[in-house]
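Residue numbers (the numbering used here), protein chains in the order written: chain W, 1 to 496; chain R, 497 to 992; chain F, 993 to 1166; chain V, 1167 to 1340.
The hints are simulated quantities; they were obtained by calculation from the structure and are not laboratory data.
Yeah, the Cβ is synthetic: ideal placement off N, Cα and C, and Gly gets one too.
Some clues are possibly wrong.
Stated by the list, open to error - Residues of chain V placed beyond 12 Å of chain R at every Cβ, according to the derived structure:
1. L1243
2. G1248
3. T1269
4. G1278
5. A1289
6. R1319
7. I1320
8. E1336
9. P1339
Stated by the list, open to error - Selected chain F positions facing chain R (in silico; Cβ < 10 Å):
10. A1009
11. R1030
12. S1032
13. G1033
14. G1034
15. A1035
16. T1056
17. H1057
18. G1120
19. P1122
Stated by the list, open to error - With a cut-off of at most 20 Å between alpha-carbon atoms, the simulated DMTMM-like pairs for lysine to aspartate or glutamate come out as follows:
20. K1105/F <-> D441/W
21. K1105/F <-> E1162/F
22. K1105/F <-> D1083/F
23. K1105/F <-> E181/W
24. K1279/V <-> D690/R
25. K1279/V <-> E553/R
26. K1105/F <-> E57/W
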Amino acid sequence: MRRVLIANRGEIAVRIARACRAAGLECVAVASDADLGAPHTLAADRMVRIGPAPARESYLDPAALLEAARASGADAVHPGYGFLAENAAFARAVETAGLVWIGPPADAIATMGDKLAARAAAMAAGVPVVPGTETAAGDSARVAADAERVGYPLLVKAAAGGGGKGMRIVRHPGELSAALEAAAREAAGAFADDRVYLERLLERPRHVEIQVLADRHGAAVHLGERECSVQRRHQKIVEESPCPVMTPALREAMSTAALAAARAVGYVNAGTVEFLLDASGRFYFLEMNTRLQVEHPVTELVTGIDLVAEQLRIARGEPLGFSQADVRLAGHAIEVRLYAEDPQAGFLPSAGPLLAWQAPAGPGIRVDAGVAAGMTIPVDYDPMLAKIAAWGPDRATAIARLRAALGDTVALGPYTNLAFLADVLEHPAFRAGETHTGFVDEHLAGWRQPLPDLHEAALAAALAGTTTGVPAAASGSLEPVLPTPWERLGRWRLGT
Amino acid sequence: MRRVLIANRGEIAVRIARACRAAGLECVAVASDADLGAPHTLAADRMVRIGPAPARESYLDPAALLEAARASGADAVHPGYGFLAENAAFARAVETAGLVWIGPPADAIATMGDKLAARAAAMAAGVPVVPGTETAAGDSARVAADAERVGYPLLVKAAAGGGGKGMRIVRHPGELSAALEAAAREAAGAFADDRVYLERLLERPRHVEIQVLADRHGAAVHLGERECSVQRRHQKIVEESPCPVMTPALREAMSTAALAAARAVGYVNAGTVEFLLDASGRFYFLEMNTRLQVEHPVTELVTGIDLVAEQLRIARGEPLGFSQADVRLAGHAIEVRLYAEDPQAGFLPSAGPLLAWQAPAGPGIRVDAGVAAGMTIPVDYDPMLAKIAAWGPDRATAIARLRAALGDTVALGPYTNLAFLADVLEHPAFRAGETHTGFVDEHLAGWRQPLPDLHEAALAAALAGTTTGVPAAASGSLEPVLPTPWERLGRWRLGT
Amino acid sequence: MSTTLELRHGDEALTVALTIDGERIRGTVGDRPVEAERLSGGAPPYATAGAVVQEIAFASNGRTHRAVVARQPDRILVALGGRTYVFAAGDAAREVSAAGAGTGTIVAPMPGKVVAVLVEAGARVEHGQPVVVIEAMKMETTLVADVDGEVARIAIAAGDTVDGGVVLIEITPG
Amino acid sequence: MSTTLELRHGDEALTVALTIDGERIRGTVGDRPVEAERLSGGAPPYATAGAVVQEIAFASNGRTHRAVVARQPDRILVALGGRTYVFAAGDAAREVSAAGAGTGTIVAPMPGKVVAVLVEAGARVEHGQPVVVIEAMKMETTLVADVDGEVARIAIAAGDTVDGGVVLIEITPG
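One chain only, chain W, in its complex shape (with noise of 0.2 Å):
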């Protein structure tokens, strides 16, 4: 393994980036036409382009990747996280093509893709699943029946499903129908696959995830678990570790549990075992994810443990070189996900040129961006900007650190979540770890941005208007020189 082609973009193409380049690994970013010259495109040593924008002629189009692989010498593919990584024919056709799969074995992620396979193995292995049916929802009397059996509130899931696509609460039977044919119709037009299938919902459960490392010598560890309870849209916007209400004996009792999902679909590489965790402190399995996790960084943050590296070795067919006695954790971590989306618009994606982009930074921040001042959003991918987290030696000290950090962010262009992040720490309910996957519903609903600055911002934007010697408009044509938006904003010029 010499030279790491990345199937990915954004943050997590330039995470993979860096980690090739510590372990001394040359690496291949791939481009869209949307994404030439982006961030992760110049953090990698080479890049291939691979199609127009659409995800499904470039990111998510085998052969297009292959190909990016063959012509740049690459003998290893990283899939990062969404697109192909959870695609288990990509990752047979990786190994057939003599590349290296710098994740699990194509079987595992066959079986764990599958939901309702995934809950077969995972019942196999004594791991305990969330109560619902175990076959594909079909025709609409059996469904309803099986509804009834399951009882109400429940949700209606996309088998192929994940990240919250394809997925449908019913509170009443007659919701049911619809659901089911708006799950089908986004599962279908998302996975390429349309079956669905019902599962109880929990009230107010915790989401709790164990993330897992096995090598292909039979050695599997844990790294302790990851709460993401908070989530809007069924997508995590704040990850931590630990949980704010673990302790030993669940933690034990957990990753047991972790463990033994993973081996039973012979897992090898990085891989979180998800579950939900009722009040009472009952846990249920819910899915496997099959590669490395976007909240990867609390883990990395807590434990000390490099989780790409350690992907990168053991893809290599090196040993892990550590023990489960070896792994501490060690403080307190939080990341928020910073999306390109309006929060006071049911977190409505937004899109188009970032005209500002400042990251945080400070003892204990870590941000994982994707992003730089005056590219463009493009409106094919997910929306998400940057990652960022903050370490303390507890969990108050983490909070304290991310909210400055936050106050220290500046994203200008698309609406962001980045004020909506600042007031989810800022709640008592959240200082208090009472969170749950209702959370935002439950305390952040119909939230508007406070404005307490608001005559200060005015009069900054009024100060801005006082410099003479503003910039011209930039372009990287050999055009003539445009108007200046300083001419274009004539209209509401200085007075004397």
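Given chain W's structure and the hints, the job is docking chains R, F and V onto it.
The following block gives chains R, F and V in isolation, referenced to the frame of chain W:
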């Protein structure tokens, strides 16, 4: 304690401001006329002007700082490092004004600030010191005799010195009087105290120092060591923890000596006891720095303890929240100091506009910077731009991460030691941990920057000229728009 | 030197009237008096995507503020303390806000694909009723009627790819 | 479009001659042929302190490069891979380099204070001999003669404060 005046500038003032904010304290920055709008002034909640650019009329002026504290309603003063941090009279004046001094007792500063008194105190506490004269150098005949007794090569050191100022190496008796004169003159200028003394010059010693923390209730702990052997002009440029040749027994012995020295002067708050360590494993007390150290981040990275936060707690009278057994060293951290200086011209300090500045990021990377693009690096102060540090589970990983981070760093305008630092990290002797205070002279004398990408750089220079829509000059004034640099660059316009 | 800037934030009109003498600033923001000192520093200004971006630092009421300001032809974005303030400026600030009232014109919030049209031309709809489902940035989003009224025109069909800002459906209020 | 830029790095003259067709670049850098693809992206350009600063990204020989380039009237600074390349440009690039030869004119490398003058007018000095001590940025720095010769003029005295670039001592080579 509610509002802290930060009596410093640059990166350390930014770092202290962050610690105050995370601790829920307000903070007040001070600014000389050269620093209005500098990053450290914008990192704080408030800013007070304290005088003209020259340090002795601003950051070294106790009256101006006390007046700033009064005017801003501050009830505590953090001195940072340098400037008045080790000025016992200032510490006393702060307390006399009814403010909390975030540092050690004035008497401890006074004793340790006088190198001769410090040596006496260390010897009395049973701590080994470097062989030398125990009294200030007097008439030349007696000094020559003292020098013979100490033995050549020797060092002339300022009694009030620090940071290499007022220090000269003497290899032959004929150089002695010139060295004494130069050292005394430099010491008089820097410290208003021309006393100098002689110390044996150890051959190829390591500089190893122990970080201590002591509260007002008699508890004191150490946080392990830092090795800071890589120096130029007697100033550290690379620091790491742990020391590559440290053993548990040696750490036990050195930290016991360090705590004994601290207790001997009734030490409270954060301090550092510096030792020289010879090849045989013997160590000698060098001096105690009675303040936060520039290189404190490497200790924070391996212990997880926030030294500035602890300083604030101790100053408030709180007991240490942990015992020696709670202090664990995990992994390895290395810091480099990025200076505006020319390593090809004897590390001559450099100044002027910082045209571009980009800090690196990534797992394990911490940057403490006090600069921003567009600011002018003043000629009036120490030319350190930033500290760039990397943590890794082991020394090799820390080096690899830090080396990659330096490759991502951009600092254009003044000369910098960026490429020099990278070559220190690349050097086989550094990688082998074979460091001593003569490392730079032994391995990197006559260093010239390698030019591996000269042709690519020339290509970039040419491409930069092919963009037409360049920004016009920007100014903060209301004068007519300046001629654009583009116009002034007309002599080397494009051909067509 | 004096300067006046008419801004609007949401429904709130804010006139900023300042007298600037070197770094000293006096005047009013809305109905509040303001006194401030402009601070130098901050990154150099630049232009991108039709906006001028500047860092603005000032001290007011003893406190230091650092804002990043992006000026576009019709709006000014200000990042301050981790929050973004979006001001309408110029003519846009003087337009009477119709926000909240609803216009009956349903536009695509961003480029995307129409997944489903949930109403027919001529149908009566109520405020809040789902009318069209659009998929953009990998999420299905349901757009709802912003008035009670009658569907006057449906400009798109399921499967269409649309640009941001394009009118999808027009509803005659009533 | 074609462009030619004469650069000098130290004593090495480097002429860059390029033909640019969209993002395709061909030509020579010094005596080496070059073929590259310009990449978009990077932060917007800005101007500060008389320099234009741009991020330049390109791929060449299969490798991606990201440089930050600051253009000043007589020189171009390029940050690439953690190293800084300083090119003389324009007329400055065409001047025959006198570097290394020495001129006998000792100038202050930066603003500072003269601590000591170590020679007298009329004295003979040797290349490398200390002639003046200056304190700047908290460090004493010793300036040495860059030629063998005779001290023709001493323009300053101990205690003087001097600006950067000011002539301190002139030595007639010989």
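TODO: Assess, step by step, whether the Cα of K1279/V is no farther than 20 Å from the Cα of E553/R, and give holds or violated.
DONE: holds (16 Å)
TODO: Against chain R, run the beta carbon of T1056/F and see if the smallest gap drops under 10 Å.
DONE: holds (5 Å)
Task: Least C-beta distance between R1319/V and chain R, which was stated to exceed 12 Å - done: Holds, because the least Cβ-Cβ distance between R1319/V and chain R comes to about 23 Å, which exceeds 12 Å.
TODO: Classify the hint on G1034/F as holds or violated, based on whether any CB of chain R lies nearer than 10 Å to its CB.
DONE: With a minimum Cβ separation of about 7 Å from chain R (threshold 10 Å), the hint on G1034/F holds.
Task: Outside-interface status for L1243/V - nearest CB in chain R farther than 12 Å - done: Incorrect as stated: the minimum Cβ-Cβ distance to chain R is 5 Å, not above 12 Å.
TODO: Go through the hint on R1030/F and say holds or violated, using the shortest Cβ distance to chain R against 10 Å.
DONE: At about 8 Å, which falls below the 10 Å cut-off, the nearest Cβ of chain R leaves the hint on R1030/F intact, so it holds.
Task: 20 Å Cα cutoff - pair K1105/F, D441/W - done: The given pair, whose Cα atoms are some 28 Å apart, is violated under the 20 Å limit.
Task: Hinted pair K1279/V and D690/R, Cα distance within 20 Å - done: Roughly 19 Å separates the two Cα atoms, so the pair holds.
Open item on the list: Verify this label for me: I1320/V is non-interface relative to chain R, using a Cβ-Cβ cutoff of 12 Å.
Closed with: holds (20 Å)
Open item on the list: Confirm or reject: G1248/V is not an interface residue toward chain R, with every Cβ-Cβ distance exceeding 12 Å.
Closed with: violated (4 Å)
Task: Pair hint K1105/F and E181/W, alpha-carbon separation not exceeding 20 Å - done: Between K1105/F and E181/W the Cα gap is close to 18 Å, so the pair holds against 20 Å.
Open item on the list: Given a cut of 10 Å on the nearest C-beta pair, is the interface hint for S1032/F held or broken against chain R?
Closed with: holds (4 Å)
The structure is inconsistent with the numbered hints 1, 2, 4, 10, 18, 19, 20, 22, although it conforms to all the rest.
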